[in-house]
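*Asks:* Each chain, letter by letter, is given below.
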Amino acid sequence: MAEQVLMLALSPTMEEGTIVKWHKKEGDPVAQSDIICEVETDKATMEYEAVDEGTLLKILVRDGGQARVGEPIAVVGEPGEDISGMLKEAEQKPEPDASESAAPESDAPESAVPQVKAAPAAGAAGAAATTPSAPQVPAGELKASPLARKMATGHGIDIRILRGSGPAGRIVKRDIENALRRAASYGPAAAVGVQGPAASGKDERIPVSGKRKIIAQRLAESKFSAPHYYLRIDVDAGAMMAARQRLNARLPKDPAGKVSPNAFLIKFVAETLKKYPVVNSSWQDDAILRFGRIDIALAVAQDDGLITPVVRDCGSKGIVQIDRDLKNLIDKARNNKLTPDEYNGATFTISSLGTSGILEFTAIINPPGSAILAVGRIHKAPVVGDDGAIGVRSQMMLTLSCDHRVIDGAVGAAFLSDLKAFIEYPIDLLY
Amino acid sequence: MANYDYDLLVLGAGPGGYVAAIRATQLGMKAAVIEKDKPGGVCLNIGCIPSKALIHQAELMHCATELEAIGVKVDASGLDYGKVFAFSRKAADMLSRGVDYLLKKNKIDLISGEGIITSAHEIEVKGRGKVTGKNLLIATGSRPRSIPGFDFDGKTVLSSTGALMLEKLPKRVCVLGGGAIGVEFAHIMNAFGVEVHLVEMLDQLLPLEDEEAVDVLLRAFKKRGIKIYTSTKATGYRKSGKGVKISLEGKGGKQELEVDQILLVVGRVPNTDGIGLEALGIKPEKDFIPVGDYYRTSVEGVYAVGDVVNSPMLAHVASKEGEIAAEHLAGHQTPVKLDPNAIPGAVYCEPQLASFGYTEKAAKEAGLKFEKAVFPYRGAGKSVAIGKPDGLLKLLVGAETREILGAHVVGAQATELIHEILLAKTAELLPEDIAVMIHVHPTLSEGVMEMARMAEGWAIHV
Chain W
713 MAEQVLMLAL SPTMEEGTIV KWHKKEGDPV AQSDIICEVE TDKATMEYEA VDEGTLLKIL
773 VRDGGQARVG EPIAVVGEPG EDISGMLKEA EQKPEPDASE SAAPESDAPE SAVPQVKAAP
833 AAGAAGAAAT TPSAPQVPAG ELKASPLARK MATGHGIDIR ILRGSGPAGR IVKRDIENAL
893 RRAASYGPAA AVGVQGPAAS GKDERIPVSG KRKIIAQRLA ESKFSAPHYY LRIDVDAGAM
953 MAARQRLNAR LPKDPAGKVS PNAFLIKFVA ETLKKYPVVN SSWQDDAILR FGRIDIALAV
1013 AQDDGLITPV VRDCGSKGIV QIDRDLKNLI DKARNNKLTP DEYNGATFTI SSLGTSGILE
1073 FTAIINPPGS AILAVGRIHK APVVGDDGAI GVRSQMMLTL SCDHRVIDGA VGAAFLSDLK
1133 AFIEYPIDLL Y
Chain D
125 MANYDYDLLV LGAGPGGYVA AIRATQLGMK AAVIEKDKPG GVCLNIGCIP SKALIHQAEL
185 MHCATELEAI GVKVDASGLD YGKVFAFSRK AADMLSRGVD YLLKKNKIDL ISGEGIITSA
245 HEIEVKGRGK VTGKNLLIAT GSRPRSIPGF DFDGKTVLSS TGALMLEKLP KRVCVLGGGA
305 IGVEFAHIMN AFGVEVHLVE MLDQLLPLED EEAVDVLLRA FKKRGIKIYT STKATGYRKS
365 GKGVKISLEG KGGKQELEVD QILLVVGRVP NTDGIGLEAL GIKPEKDFIP VGDYYRTSVE
425 GVYAVGDVVN SPMLAHVASK EGEIAAEHLA GHQTPVKLDP NAIPGAVYCE PQLASFGYTE
485 KAAKEAGLKF EKAVFPYRGA GKSVAIGKPD GLLKLLVGAE TREILGAHVV GAQATELIHE
545 ILLAKTAELL PEDIAVMIHV HPTLSEGVME MARMAEGWAI HV
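Taken in sequence, the protein lines are chains W and D. Residue numbering for the first sequence follows the numbering used here, starting at 713 and increasing by one per position. Residue numbering for the second sequence follows the numbering used here, starting at 125 and increasing by one per position.
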């Protein structure tokens, strides 16, 4: 009996995969666990292992072709088997466009981010967020032993790409061990994205992952299309740090840790954006989209790139709530668990390299936003005060990158200057 | 295509052979079992079963002390060991007939007589002629091992078989060999009032068991007056009056011990001689038949399981190996071999000891990163209520994976308690899965839950 080979969700956020290369030809025998093709996902290029045994009768999606998760990419069966019915069925699969309107059962995440829908220029990853996802196996319904799950988590393996060899197809320890062995012998691009040891001595050609491609594409697009200019201002962070200290002393001990300076910054930026809606806007070629909500992203470094989790609606949230949202998002980001609606569609972005000791830097605007704030290290510095006396203050350098198509210099300067005033004299927020 | 009398010919009707024959029959094969003695093998006739019957009687004797504690006067003077013996034989006979019945029920021919393999498809049964089979399974088991200078004579130097067949107990006995069999006999004899000296060559009784668990047993044995000699070798013996004088050589020097009988239980030898292996061209390695995956020998269609292959000499291991061989023969999906870390072992004495997987020492030697949790029996209320608070449950867990690496239980009902932990191991559950499962209160099994909680850092009753 012939079986369809379906596109699997090879990463937690994958909705669509590109066939990089078929390793088997039509007519080739296929054994269980054979690598039949390579698939590029939103995160990496992965090897696709055969689940069924038999002969590869038909390749439905050729090299370079794309398929959504759950769509057939090939047919495996007995040589000479009649698969015409199956092929007809595969052809009748609704086109992606049709499925968009005809998929009310889809629990696509777009409803959570209405603003993003109105922002078609959200970039590659952003676009993916607005398309409904095909059904994929939720990890909770997979049969896997607790030990296998634990090991998979420990090694960063997505168990959905594995085939279980235990009782009733359960994924067990040896399946994880086999996956690790494969990863070790095929290198970093293989199956599971396990980190290998650093190379030494020899030049190494590292294939660009889907994720790295997206980062490259989006940042190049932003930098080359949006005319950037930069504004820099020196801010006294003493009042903010003192307020933070008081807040942390007052709050019950949270196991997640103290409220971070980033939460304060996000709040000050949000309040300033309320005064300058033009900074909370997007260039749409024939229009400027003024966002109805303030969604601020924070750039977070990951092992294999960076990601910008978004705290939604910062204008109506307090610092403590922002901090909680942020911690939750950062935690997910570090574990590669962010869903597209959690990292797409920021209206403004903050990037901080202060913890790395960087004093000041310029950042590339994160579309669809029109400005990004680069935050340097808070450091003690001698400052000449208004009274002419030199004192030691906690200083912080802020650099704002603006898209000149949307934000003119004077507006950007006024925004930054008001932000400085708010940070230094928070009481001004209430006037 | 040659015609054979049977699809599978099994040589030996012990727990390896008869189970394999039944499993093969269940999977549609026609099988026969050749046995020179009684069906059931050593296990049923001169091993596990009669010894457990004796141990049960020993426990009853043991209860006398508990009864006395509540004022019941027990007069043990009328103890007739001959009746104890008869009880054990009755149990053995009953179960042997049970195997007979099972074979009949499954339409398996039991061919009585000594079988010698003459080719890969043929066994010559003495006095009955040739029987042919498409496949052969060798399950001829093992026999007690003797050591130079101590030949079994059935009077002074006894094997485990000899000890089980005693109708009268000696006053003093020296048990040579501190493995499971030696420890069990020491327990039985001590319970029936025999003066017991237990001698082990290595530095620990039950050398393959976890030291911390064995310590509990050791303390109990010493309290009951069993004399234990570890790191001690027996070098010889001589007759002396009514008894024998046995020479021991240990760390503390040489000494002589006067006893009535010597029980020599230093292991078992596979029965791989005189069964016709030469006809197959199979050469035993250290008396064991070499086997590969699915317990296949080097000869096509010939399998070997149980004590004749190099795996733990346990009845339940033989049975499982027999099942695997039969399933493979029938083309069923089956594991290639047993996972050595998932084989449970049990020692039936007071307290009981049961375990599987790594001991702490073995885990250290293997360089594993692990954590251990040791929960005392007395933390489970039931143990105190039934007057058996001595014992412990020990779990070894992988530090990162949380995988169960080994478990060691010593105390009341340990041989039953081990299975919940082993189920968790084989199903790849983690300690946290046992920790959160509700256990009936009060039970000894609560100790298993608490042990798992301890591994997770939140035991309640400790």
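Please keep in mind that the hints were generated in silico from the structure rather than gathered at the bench. From a predicted model like this one, the values you see are computed outputs, not experimental measurements. Be a bit skeptical, because a hint or two may be false.
[Stated by the list, open to error] Result set (DSS-like, lysine-lysine): computed pairs, CA atoms no more than 30 Å apart in a straight line:
#  : chain 1 : residue 1 : chain 2 : residue 2
1  : W       : K885      : D       : K207
2  : D       : K461      : W       : K885
3  : D       : K485      : W       : K855
4  : W       : K885      : D       : K488
5  : W       : K885      : D       : K485
6  : D       : K295      : D       : K351
7  : W       : K855      : D       : K493
8  : D       : K346      : D       : K279
9  : D       : K295      : D       : K176
10 : D       : K160      : D       : K410
*Asks:* Hint compliance check: list the failing hint numbers for this structure, sorted ascending.
*Replies:* 1, 3
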